[in-house]
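J.: According to the working numbering, the residues represented by the sequence shown are 1 to 157, in order.
Simulated from the structure, these hints should not be mistaken for laboratory data. Be aware that one or more of the hints could be misleading.
Claimed, not checked - Distance condition first, Cα-Cα at most 25 Å in a straight line; then the derived DSS-like pairs of lysine-lysine:
1) K93 / K77
2) K46 / K93
3) K69 / K97
4) K69 / K46
5) K97 / K46
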Amino acid sequence: MTLALVVWAFFIECEAVTYYVVGDGRGWTAPPNITAGFYDEWAAGKSFNGSDNLQFRYNGTHDFAAVSKEEYDSCAKVSSIGSGANGFGYGYKLPRKAGMYYFICTIDSHCEDGQKLAVNVTSTTSAGFATWSPPSTFGTLSTVLCSFALFLLVLGH
1 MTLALVVWAF FIECEAVTYY VVGDGRGWTA PPNITAGFYD EWAAGKSFNG
51 SDNLQFRYNG THDFAAVSKE EYDSCAKVSS IGSGANGFGY GYKLPRKAGM
101 YYFICTIDSH CEDGQKLAVN VTSTTSAGFA TWSPPSTFGT LSTVLCSFAL
151 FLLVLGH
């Protein structure tokens, strides 16, 4: 019974989650590597769900902060969630609640120059099982563990 509860609890976490590298190959960067509106265009073609993961991978020295709409619009200098340089990055799990979420770089005038991102979470539930994009060490491990949990759940019935 205990094993079944543990497997079920883990199985619940095996919902469909997509990992997005913010800015794709350009990463989280500022001009001259991007132009104003670059991150708006990047996000426009994507459908974000609650629990999806944004990977902020730094190209240069940057940080990122989750901010309100007002702070986004004014590029307010707030406390960052994480900072780093080339090759460094952070993951951010989007909240399950549908709505707009805003992120900025607070270093120098990066935000004013276009290093800011608005994401519209349109769904709070996910259909099917995990699809990871792009594959990562965490995603691969999660795939194996989710598959194992499903196996144990089926085996128990």
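J.: Against this structure, judge whether each hint is valid.
T.: Do the hints match the structure? See the list:
1. At most 25 Å may separate the alpha-carbon atoms for a hinted pair to count; K93 and K77 meet this at roughly 22 Å.
2. A hinted pair counts as satisfied when its Cα atoms are at most 25 Å apart, and K46 with K93 qualifies at roughly 16 Å.
3. Simply put, K69 and K97 have alpha-carbon atoms about 16 Å apart, close enough for the 25 Å limit, and the pair holds.
4. Between K69 and K46 the CA atoms are separated by roughly 20 Å; this keeps the pair inside 25 Å, and the hint holds.
5. For the hint pairing K97 with K46, the CA-to-CA distance comes to about 17 Å; that is within 25 Å, so the pair holds.
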